[in-house]
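Protein sequences appear in the order of chains A and B.
Residue numbering for the first sequence follows this note's numbering, starting at 451 and increasing by one per position.
Residue numbering for the second sequence follows this note's numbering, starting at 349 and increasing by one per position.
Hint data in this document are derived by calculation from the structure and do not stem from the laboratory.
As the structure is a prediction and not an experimental result, all values here were calculated from the model.
Don't be surprised by glycine CBs; every beta carbon is placed ideally from N, CA and C.
It is possible that part of the hints are untrue.
Derived lysine-lysine pairs resembling DSS-like cross-links, with alpha carbons at most 27 Å apart [stated by the list, open to error]:
1. A/LYS515 with A/LYS707
2. B/LYS664 with A/LYS707
3. B/LYS563 with B/LYS664
4. A/LYS452 with B/LYS664
5. B/LYS667 with A/LYS707
If you want the ones that stay clear, here's a sample from chain B, every Cβ over 12 Å from chain A, calculated [to be verified]:
6. SER387
7. VAL433
8. ALA512
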Amino acid sequence: MKIAVLVKEVPDTWGDRRLDPSTKRVDRSSDVVVDEVDEKAVEIALQLQAANAGSTVTVVTMGPKRALDSLRKGLAMGADSAIHLVDDGLAGSDAVQTSAALAAALAPRGFDLVIAGNESTDGRTAAVPAMLAERLGVAQLTALRTLHVSGSTVSGERVTDDGYVDVETSLPAVVSVNEQIAEARYPSFKGIMGAKKKPVEVLGLGDLGLAAGDTGAANSWSVVHDVTARPARTGGTIVTDDGTAATQLADYLAAAKLI
Amino acid sequence: MSTILVLAEHTDSTPASNVAELLAAASQLGEPSAVVVTSSDAAALASALGSLGAATVQVATVPDGGALVTPLVAALAAAVAAGDVAAVLVGTSLDSREAAARLAVRVGGAYLSDAVGVGSSGDGITVTQQAFGGAFTVTSGAGRGIPIISMRPHSVEGSAPAGAGTVSALDISGDTAPTSRVTARHEKTEASTRPDLQAAEVVVSGGRGLGSQEKFVLVEELADAFGAAVGASRAAVDAGYVPQSYQVGQTGVTVSPNLYIAVGISGAIQHKAGMQTAKTIVAINKDGDAPIFDVADFGIVGDLFTVVPQLIEAVKARKG
Numbered sequence: 451m452k453i454a455v456l457v458k459e460v461p462d463t464w465g466d467r468r469l470d471p472s473t474k475r476v477d478r479s480s481d482v483v484v485d486e487v488d489e490k491a492v493e494i495a496l497q498l499q500a501a502n503a504g505s506t507v508t509v510v511t512m513g514p515k516r517a518l519d520s521l522r523k524g525l526a527m528g529a530d531s532a533i534h535l536v537d538d539g540l541a542g543s544d545a546v547q548t549s550a551a552l553a554a555a556l557a558p559r560g561f562d563l564v565i566a567g568n569e570s571t572d573g574r575t576a577a578v579p580a581m582l583a584e585r586l587g588v589a590q591l592t593a594l595r596t597l598h599v600s601g602s603t604v605s606g607e608r609v610t611d612d613g614y615v616d617v618e619t620s621l622p623a624v625v626s627v628n629e630q631i632a633e634a635r636y637p638s639f640k641g642i643m644g645a646k647k648k649p650v651e652v653l654g655l656g657d658l659g660l661a662a663g664d665t666g667a668a669n670s671w672s673v674v675h676d677v678t679a680r681p682a683r684t685g686g687t688i689v690t691d692d693g694t695a696a697t698q699l700a701d702y703l704a705a706a707k708l709i
Numbered sequence: 349m350s351t352i353l354v355l356a357e358h359t360d361s362t363p364a365s366n367v368a369e370l371l372a373a374a375s376q377l378g379e380p381s382a383v384v385v386t387s388s389d390a391a392a393l394a395s396a397l398g399s400l401g402a403a404t405v406q407v408a409t410v411p412d413g414g415a416l417v418t419p420l421v422a423a424l425a426a427a428v429a430a431g432d433v434a435a436v437l438v439g440t441s442l443d444s445r446e447a448a449a450r451l452a453v454r455v456g457g458a459y460l461s462d463a464v465g466v467g468s469s470g471d472g473i474t475v476t477q478q479a480f481g482g483a484f485t486v487t488s489g490a491g492r493g494i495p496i497i498s499m500r501p502h503s504v505e506g507s508a509p510a511g512a513g514t515v516s517a518l519d520i521s522g523d524t525a526p527t528s529r530v531t532a533r534h535e536k537t538e539a540s541t542r543p544d545l546q547a548a549e550v551v552v553s554g555g556r557g558l559g560s561q562e563k564f565v566l567v568e569e570l571a572d573a574f575g576a577a578v579g580a581s582r583a584a585v586d587a588g589y590v591p592q593s594y595q596v597g598q599t600g601v602t603v604s605p606n607l608y609i610a611v612g613i614s615g616a617i618q619h620k621a622g623m624q625t626a627k628t629i630v631a632i633n634k635d636g637d638a639p640i641f642d643v644a645d646f647g648i649v650g651d652l653f654t655v656v657p658q659l660i661e662a663v664k665a666r667k668g
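Between the sequences and the hints, there should be enough to build the whole structure, so can you do that?
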């Protein structure tokens, strides 16, 4: 089984994250990390590989040069190889364009199973896995908290607003997993050292066969007109409890008609 | 007038709770047309959709409800092909969002997710979105193709005038997209009497300060005094006090209630990203330097195990 795992470099959710009002894009100059859910996607891929002899795991990302670090993390965890989509012409792509670029990289390489995180913590669009299934012409099995492959059948529990549903389909498929899927392993020292020797295929617009007139911010389907930072909240009333704080709070809430 | 398609999810003949506001938004932009996918007779559903504002109701019939997402995409694509469509509106259920995402690829459109407002201006149809938990407000639209918009609940004011609800059929029999099948459904069994976290007017959340799963009950008691939903910080979830579905924050649910009460939560950026658009924020924490007090409208520095029981009594007394 050939498995591809999509990983994304995102601003650290524990840090201060912002949009740049001039570019209207995510400010990626702050600390960046592999999105946590993507590490879990790598983990479940490695578990499936261990259970299915002869399987390979390839980590895939689209992003600037330094996104290679995210691929190295996946390789250090145990993935066999990596694909890096990197080209100035891809910068500022929206989800529709991103799915086109990823599909162009994945389709000719014939993956049986593509695994993604269900939703990135920066864009939170949660659209790329479904779009990718549409483009690749394969079934989607998304928002899974469990994932099983048995022969050519892939199945799992899809978490919905009302509970969960059991879903299944046949390979090839695109699946997305949520944070409950698995706990990601820590790369070993040996894994980290070995990652440096593993193959990383670098693909630009020409390799992907994408026309420059279709890619990047200048040609995106969705356009951001305006970005406004929310004004900082002004200081509130802070009291130290002297036995009456609860009553003061109840008075405050009653005055604001919140009780 | 251009058509605005609304993907109308439903249970049997009853439209989902968000359909009325989607039709209301559609009526402000053009002529609302509801698109439904069903395996049963749609007459009663169409009538209900008409009274909520649908001028037309386009019905795709499927043999059963087992196929995941793809019939919705096929129905919407057929409806886009059938008329002069200026925009497509869907809700934020997983199925709806994924159908919208795939539709953008199939018909050529801009997918605008998680809108909290929609309108038209010199730029055409535009939406308002929130980024990083409301730290930024973004206005966006379609640069190419039609806007395909998923709208968060409680984003639209008012309602649409009743429409004729004229029924027509959509043929999706030619749809060949590979799909997955739902083999069993497990709806939530615990019949919670508390409101849904994301839609609640009041949310009471607890953090690591509660100290244990047993003591987290105090947060639930305070929530019940307000008739509020119960949330939690990531720290409380990671510590196993409550399930992950309770988590408010960047990697959990984003809430925007009238009143948010944070109990024993320090207020890491991770958490603030999920609640800072609440109208009024109250914090109770023993550490006066906790960052949650930076965003609190009313903060109490004190022992939550003393303050919260007093607050519960005070709230109950005022509510009579």
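Here is what the structure says about each hint:
no.: 1; hint: A/LYS515 with A/LYS707; verdict: 54 Å, violated
no.: 2; hint: B/LYS664 with A/LYS707; verdict: 15 Å, holds
no.: 3; hint: B/LYS563 with B/LYS664; verdict: 20 Å, holds
no.: 4; hint: A/LYS452 with B/LYS664; verdict: 60 Å, violated
no.: 5; hint: B/LYS667 with A/LYS707; verdict: 11 Å, holds
no.: 6; hint: SER387; verdict: 16 Å, holds
no.: 7; hint: VAL433; verdict: 15 Å, holds
no.: 8; hint: ALA512; verdict: 31 Å, holds
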